[in-house]
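Number of protein chains: 2
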Amino acid sequence: MAKQKKAPRPKAETPKGFRDYFGHEVTMRAEMLRKIAGVYHRYGFDALESSAVETVEALGKFLPDVDRPNEGVFAWQEDEGDWLALRYDLTAPLARVYAQHRNDLPTPYRRYAMGPVWRNEKPGPGRFRQFYQCDADTVGSGSVAADAEICAMLADTLEEVGIARGDYLIRVNNRKVLNGIIESVAEGQKRDAFPDGVSPQGSGAFDELKARLIASTDAVMRTLDKFEKVGEAGIIELLGGGRKDASGAFIPGLGLPHYVVHGFLAFLHAKAETNEATLSRLREVVEYSNEGLEGVDELAEIADLLAAQGYGPDRIVIDPSVVRGLGYYTGPVFEAELTFDILDDKGRKRQFGSVAGGGRYDDLVKRFTGQAVPATGVSIGVDRLLAALREKGRIDAREVGPVVVTVMDRERMAEYQAMVAELRQAGIRAEVYLGNPKQFGNQLKYADKRQSPIAVIEGGDEKARGVIQIKDLILGSQIAETATHEEWKDRPSQFEVPRDQMLAKVREILDMHGL
Amino acid sequence: MAKQKKAPRPKAETPKGFRDYFGHEVTMRAEMLRKIAGVYHRYGFDALESSAVETVEALGKFLPDVDRPNEGVFAWQEDEGDWLALRYDLTAPLARVYAQHRNDLPTPYRRYAMGPVWRNEKPGPGRFRQFYQCDADTVGSGSVAADAEICAMLADTLEEVGIARGDYLIRVNNRKVLNGIIESVAEGQKRDAFPDGVSPQGSGAFDELKARLIASTDAVMRTLDKFEKVGEAGIIELLGGGRKDASGAFIPGLGLPHYVVHGFLAFLHAKAETNEATLSRLREVVEYSNEGLEGVDELAEIADLLAAQGYGPDRIVIDPSVVRGLGYYTGPVFEAELTFDILDDKGRKRQFGSVAGGGRYDDLVKRFTGQAVPATGVSIGVDRLLAALREKGRIDAREVGPVVVTVMDRERMAEYQAMVAELRQAGIRAEVYLGNPKQFGNQLKYADKRQSPIAVIEGGDEKARGVIQIKDLILGSQIAETATHEEWKDRPSQFEVPRDQMLAKVREILDMHGL
Numbered sequence: 001m002a003k004q005k006k007a008p009r010p011k012a013e014t015p016k017g018f019r020d021y022f023g024h025e026v027t028m029r030a031e032m033l034r035k036i037a038g039v040y041h042r043y044g045f046d047a048l049e050s051s052a053v054e055t056v057e058a059l060g061k062f063l064p065d066v067d068r069p070n071e072g073v074f075a076w077q078e079d080e081g082d083w084l085a086l087r088y089d090l091t092a093p094l095a096r097v098y099a100q101h102r103n104d105l106p107t108p109y110r111r112y113a114m115g116p117v118w119r120n121e122k123p124g125p126g127r128f129r130q131f132y133q134c135d136a137d138t139v140g141s142g143s144v145a146a147d148a149e150i151c152a153m154l155a156d157t158l159e160e161v162g163i164a165r166g167d168y169l170i171r172v173n174n175r176k177v178l179n180g181i182i183e184s185v186a187e188g189q190k191r192d193a194f195p196d197g198v199s200p201q202g203s204g205a206f207d208e209l210k211a212r213l214i215a216s217t218d219a220v221m222r223t224l225d226k227f228e229k230v231g232e233a234g235i236i237e238l239l240g241g242g243r244k245d246a247s248g249a250f251i252p253g254l255g256l257p258h259y260v261v262h263g264f265l266a267f268l269h270a271k272a273e274t275n276e277a278t279l280s281r282l283r284e285v286v287e288y289s290n291e292g293l294e295g296v297d298e299l300a301e302i303a304d305l306l307a308a309q310g311y312g313p314d315r316i317v318i319d320p321s322v323v324r325g326l327g328y329y330t331g332p333v334f335e336a337e338l339t340f341d342i343l344d345d346k347g348r349k350r351q352f353g354s355v356a357g358g359g360r361y362d363d364l365v366k367r368f369t370g371q372a373v374p375a376t377g378v379s380i381g382v383d384r385l386l387a388a389l390r391e392k393g394r395i396d397a398r399e400v401g402p403v404v405v406t407v408m409d410r411e412r413m414a415e416y417q418a419m420v421a422e423l424r425q426a427g428i429r430a431e432v433y434l435g436n437p438k439q440f441g442n443q444l445k446y447a448d449k450r451q452s453p454i455a456v457i458e459g460g461d462e463k464a465r466g467v468i469q470i471k472d473l474i475l476g477s478q479i480a481e482t483a484t485h486e487e488w489k490d491r492p493s494q495f496e497v498p499r500d501q502m503l504a505k506v507r508e509i510l511d512m513h514g515l
Numbered sequence: 001m002a003k004q005k006k007a008p009r010p011k012a013e014t015p016k017g018f019r020d021y022f023g024h025e026v027t028m029r030a031e032m033l034r035k036i037a038g039v040y041h042r043y044g045f046d047a048l049e050s051s052a053v054e055t056v057e058a059l060g061k062f063l064p065d066v067d068r069p070n071e072g073v074f075a076w077q078e079d080e081g082d083w084l085a086l087r088y089d090l091t092a093p094l095a096r097v098y099a100q101h102r103n104d105l106p107t108p109y110r111r112y113a114m115g116p117v118w119r120n121e122k123p124g125p126g127r128f129r130q131f132y133q134c135d136a137d138t139v140g141s142g143s144v145a146a147d148a149e150i151c152a153m154l155a156d157t158l159e160e161v162g163i164a165r166g167d168y169l170i171r172v173n174n175r176k177v178l179n180g181i182i183e184s185v186a187e188g189q190k191r192d193a194f195p196d197g198v199s200p201q202g203s204g205a206f207d208e209l210k211a212r213l214i215a216s217t218d219a220v221m222r223t224l225d226k227f228e229k230v231g232e233a234g235i236i237e238l239l240g241g242g243r244k245d246a247s248g249a250f251i252p253g254l255g256l257p258h259y260v261v262h263g264f265l266a267f268l269h270a271k272a273e274t275n276e277a278t279l280s281r282l283r284e285v286v287e288y289s290n291e292g293l294e295g296v297d298e299l300a301e302i303a304d305l306l307a308a309q310g311y312g313p314d315r316i317v318i319d320p321s322v323v324r325g326l327g328y329y330t331g332p333v334f335e336a337e338l339t340f341d342i343l344d345d346k347g348r349k350r351q352f353g354s355v356a357g358g359g360r361y362d363d364l365v366k367r368f369t370g371q372a373v374p375a376t377g378v379s380i381g382v383d384r385l386l387a388a389l390r391e392k393g394r395i396d397a398r399e400v401g402p403v404v405v406t407v408m409d410r411e412r413m414a415e416y417q418a419m420v421a422e423l424r425q426a427g428i429r430a431e432v433y434l435g436n437p438k439q440f441g442n443q444l445k446y447a448d449k450r451q452s453p454i455a456v457i458e459g460g461d462e463k464a465r466g467v468i469q470i471k472d473l474i475l476g477s478q479i480a481e482t483a484t485h486e487e488w489k490d491r492p493s494q495f496e497v498p499r500d501q502m503l504a505k506v507r508e509i510l511d512m513h514g515l
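Chains A and B, in that order, are what the protein sequence lines are. The first sequence: position 227 = 227 (the working numbering), numbered continuously. The second sequence: position 190 = 190 (the working numbering), numbered continuously.
Mixed in with the good hints, there may be bad ones.
As the list claims (entries may be wrong) - The calculated BS3-like cross-link candidates involving lysine-lysine, where the alpha carbons are at most 27 Å apart (straight line), are: (1) Lys271/A with Lys346/A; (2) Lys229/A with Lys366/A; (3) Lys190/A with Lys11/A; (4) Lys366/B with Lys16/A; (5) Lys366/A with Lys438/B; (6) Lys229/A with Lys190/A; (7) Lys438/A with Lys449/A; (8) Lys366/B with Lys35/B; (9) Lys226/B with Lys438/A; (10) Lys229/B with Lys244/B; (11) Lys244/B with Lys226/B; (12) Lys229/B with Lys366/B; (13) Lys35/A with Lys122/A; (14) Lys392/B with Lys366/B; (15) Lys445/A with Lys366/B; (16) Lys392/A with Lys122/A; (17) Lys366/B with Lys449/A; (18) Lys445/B with Lys392/B; (19) Lys244/A with Lys229/A; (20) Lys346/B with Lys271/B; (21) Lys190/B with Lys16/B; (22) Lys11/B with Lys366/A; (23) Lys392/A with Lys449/A; (24) Lys366/A with Lys463/B; (25) Lys35/A with Lys226/A; (26) Lys392/B with Lys349/B; (27) Lys35/A with Lys229/A; (28) Lys35/A with Lys449/B; (29) Lys190/A with Lys16/A; (30) Lys505/B with Lys449/A; (31) Lys449/B with Lys366/A; (32) Lys366/A with Lys445/B; (33) Lys366/B with Lys11/A; (34) Lys35/A with Lys35/B.
Think of the hints as simulated: they come from the structure by calculation, not from any bench.
Sequences and hints are given; from them, build the entire structure.
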């Protein structure tokens with residue numbers, strides 16, 4: 001009979017851009033999310049877990065205009081024809097949920113959500129196609145009190161997970177102020193040209209300028225977003241006549257007049273020593289714009305509301321140089337930065353940077369219902385915040401393994417199991433070695449790989465004498481690394497105790513190591 | 001200019017078979033999973049969170065043999081040609097993870113995993129296409145001590161989440177015993193026919209029977225699985241000559257001889273008063289099969305190991321009538337059942353039933369590496385267990401909302417925010433009403449919808465007098481429902497206290513309601 005051809009073995013690999021998380025990585029994230037959820041809950045936010053799968057239609061941003069609508073998302077077609085996709089963030093599902101359930105939900109609706117999202121993007125180093133987000137949003141309130149509350153909650157959250165006061169700063173800006181500048185600089189020029197009042201005949205050029213500026217708001221926003229990258233000189237070039245980049249290629253500028261560019265720079269630099277001084281500078285920049293002045297008033301109100309709750313500018317500060325997100329949001333925007341230094345890949349000091357951001361976006365559910373619903377919210381970068389906590393030593397890099405009860409005599413497995421049962425019932429993490437017990441060395445190697453603090457040993461001799469051996473593996477490895485022979489003799493890391501003192505001795509050793 | 005045709009509004013709907021989880025549903029599940037993870041961790045199991053997306057190749061069971069390999073899974077093709085899919089359980093990913101990382105993982109590898117899985121199946125009432133699983137497995141140990149440990153851990157887990165001892169029972173069976181019956185009945189018949197020793201000439205018919213029985217093991221298993229549905233008489237018919245179902249249609253039987261059918265029934269009915277008696281009955285049934293006797297020995301050892309740790313048959317019991325899963329597993333199988341009665345849809349009493357199951361499956365990673373790796377594990381039905389806890393009153397059906405500070409005077413928002421800040425800092429869930437405050441009635445309606453226990457009110461008059469009103473909404477609604485007019489006068493549900501006693505009074509009311 002001919003040999004049947006075997007199917008080739010499948011590759012044991014995660015798909016490209018995906019990864020697995022092990023042990024400590026999982027539990028530390030779960031613990032951090034639990035603390036965050038605790039703060040959100042205390043602020044009156046309710047949990048929401050929407051389905052990971054949405055219709056492409058409901059997700060919206062990626063509506064099909066090609067045969068396969070998977071630009072940026074993982075999407076597939078159902079047999080009956082509907083396109084489904086994995087959610088790419090937690091905000092688009094919130095819009096769908098609110099539109100779907102709005103008659104049953106309270107208004108305003110405060111909700112938090114945490115979980116993985118998926119992006120069908122080219123993976124890169126440290127950039128994965130599945131990652132966690134952790135959001136809180138208030139839907140249905142146009143009050144800036146809702147924005148202020150989000151900022152206060154963000155400060156509380158950072159402190160709750162272990163970022164000390166002084167190690168973070170929440171910076172607040174307002175999209176309306178930026179809109180106001182565009183309006184105000186044009187208006188200001190007009191007034192300068194016609195100090196005695198506007199001549200309807202002569203103002204045409206300025207009205208044209210204003211229209212052109214407003215039309216280029218998005219381009220301005222994208223340019224200001226490059227502030228950190230290209231610096232002030234770069235911004236001046238990009239808003240004005242254009243700029244040669246590092247490769248020598250010429251990037252055309254937006255061609256804005258000098259005094260307009262000046263207005264934007266004044267905005268970026270408006271941050272002063274106190275919130276009051278900042279706000280007063282901003283008022284000057286937007287003096288001829290109602291929307292701009294409204295934006296400054298909102299910032300002033302946010303600062304007042306926060307001050308009344310004890311959140312001063314040492315924690316939450318008005319700072320117009322926060323540009324990120326101005327393009328997306330419609331009102332106040334906020335960003336939480338960690339202010340301590342870390343060393344980058346090349347050993348240079350740099351600030352840790354942003355771990356959370358958010359703002360007001362008032363068109364959340366309009367797509368579904370036709371009605372504008374105001375909303376404001378924040379999203380925490382879970383992985384970055386975890387990295388920060390690790391950096392600050394707030395979470396242990398290594399997990400503590402279980403106490404390992406070794407198997408010296410396979411026939412007495414029941415007795416070894418009774419030992420771990422005793423330890424576990426006392427709340428101590430413990431296990432019996434369940435591999436092949438023949439080679440004792442393998443059992444200790446296993447304990448080492450598990451980062452076990454203690455090994456318990458009961459051979460036939462110990463059994464006969466009613467004692468057990470308890471090996472302090474942490475002390476043992478310290479001694480092995482650093483001690484001289486004399487110290488080694490003086491500081492035994494293995495103890496013989498009567499069987500009925502096992503629990504007490506294990507406790508003593510764990511306590512000694514602060515475990 | 002012609003009006004631009006608007007795109008139709010997207011439907012705000014979850015895809016068919018998916019749902020959203022709100023508030024309490026989310027937090028209660030998270031809390032239960034946290035407790036379960038705590039027990040698993042104490043037993044030495046490490047967390048694992050594998051990616052939700054796997055290659056179809058790695059998932060295996062659903063390998064492409066058609067154009068679109070999405071039978072049972074949600075799958076899609078990457079631009080470069082790989083087929084990806086959402087995981088349909090947590091075991092297939094464990095196999096991939098262990099094969100991929102086996103050089104870095106300890107052996108045995110104890111891991112737990114919890115999270116959503118996805119099934120591309122026809123949704124039905126209460127049956128969703130995304131649901132939670134919560135698994136613990138020991139990979140790389142062939143010892144029945146690993147199986148016993150899983151059973152002990154399952155008992156601890158159920159008690160930890162709030163199922164009282166006596167309200168659950170973990171029943172243990174062994175696939176090898178079932179295999180042994182098939183071997184043993186054939187062998188037994190042969191020995192009866194040739195009491196003085198086997199005649200090589202005459203034994204052909206029995207060898208044929210044995211081969212036929214072994215070939216029909218899967219069909220036998222599927223039939224035994226119908227025990228609960230069709231009862232003993234039905235099983236006899238289905239294993240034997242066939243059976244007419246309720247509609248009158250004839251279902252052909254497996255055509256097994258009567259004495260074989262009798263063997264299987266003896267197996268199903270082997271459960272006796274004590275484990276010892278059960279095991280001794282099983283030994284009789286499989287007396288001529290080495291595999292069967294090995295299976296009984298394993299069950300005996302599991303019972304001994306558990307007894308040594310204090311888990312008696314009141315919690316974990318040998319019970320051969322556990323048939324579910326016998327087709328899938330290769331050794332010991334276990335099932336946790338809740339033994340208390342509930343009322344079904346039609347008001348009839350019935351047992352709550354199974355909430356967890358598992359067993360030994362020894363071919364986990366062979367697909368990937370060619371090497372057989374023994375493994376054993378358990379999976380908890382998260383949603384069923386939550387339903388059970390709700391049934392037993394172990395988790396509140398209703399969530400307690402935040403204390404709501406009402407807004408009587410929009411200009412004093414900062415003061416109201418300061419009030420909630422004070423409450424939150426004392427750990428009390430609280431919020432300011434952030435909707436339009438004009439109609440006070442809406443604020444109280446909101447508090448009602450949020451299930452708020454308390455509303456705090458400070459109008460201009462109260463402010464002037466330095467007092468606030470505190471409304472006990474729980475008491476208020478109790479009184480509204482049940483009290484007479486006199487009682488209503490005697491038991492005021494609204495209290496006026498000085499502003500600086502707000503926190504104390506709120507605490508007092510919450511304490512009174514046990515919140």
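Distance restraint between Lys366/B and Lys449/A, which requires alpha-carbon spacing of 27 Å or less = The hint holds at about 24 Å.
Is the straight-line distance between the alpha-carbon of Lys11/B and that of Lys366/A 27 Å or less?
-> This hinted pair holds, its Cα atoms lying about 12 Å apart.
Are the Cα atoms of Lys366/A and Lys445/B separated by 27 Å or less?
-> 25 Å, holds
For the pair supplied as a hint, Lys271/A and Lys346/A, confirm whether the alpha-carbon distance does not exceed 27 Å.
-> 31 Å, violated
Is Lys35/A close enough to Lys449/B, meaning Cα to Cα at most 27 Å?
-> 26 Å, holds
Mind checking the alpha carbons of Lys229/B and Lys366/B for me, to see if they're no more than 27 Å apart?
-> 35 Å, violated
Are the Cα atoms of Lys392/B and Lys349/B separated by 27 Å or less?
-> 15 Å, holds
Given the hinted pair Lys505/B and Lys449/A, is their alpha-carbon gap at most 27 Å?
-> Judged against 27 Å, a Cα distance of about 54 Å means the pair is violated.
When you check the alpha-carbon spacing of Lys366/B and Lys11/A, does it fall within 27 Å?
-> 12 Å, holds
Verify the proposed pairing of Lys244/B with Lys226/B, using a straight-line Cα cut of 27 Å.
-> Holds, at roughly 15 Å.
Has the given pair, Lys449/B with Lys366/A, been kept, meaning a C-alpha gap of at most 27 Å?
-> Cα-Cα ~24 Å, so holds.
Verify the proposed pairing of Lys445/B with Lys392/B, using a straight-line Cα cut of 27 Å.
-> Judged against 27 Å, a Cα distance of about 31 Å means the pair is violated.
This entry does not satisfy hints 1, 2, 3, 6, 8, 9, 12, 13, 14, 16, 18, 20, 21, 24, 25, 27, 29 and 30, going by the numbered hints stated previously.
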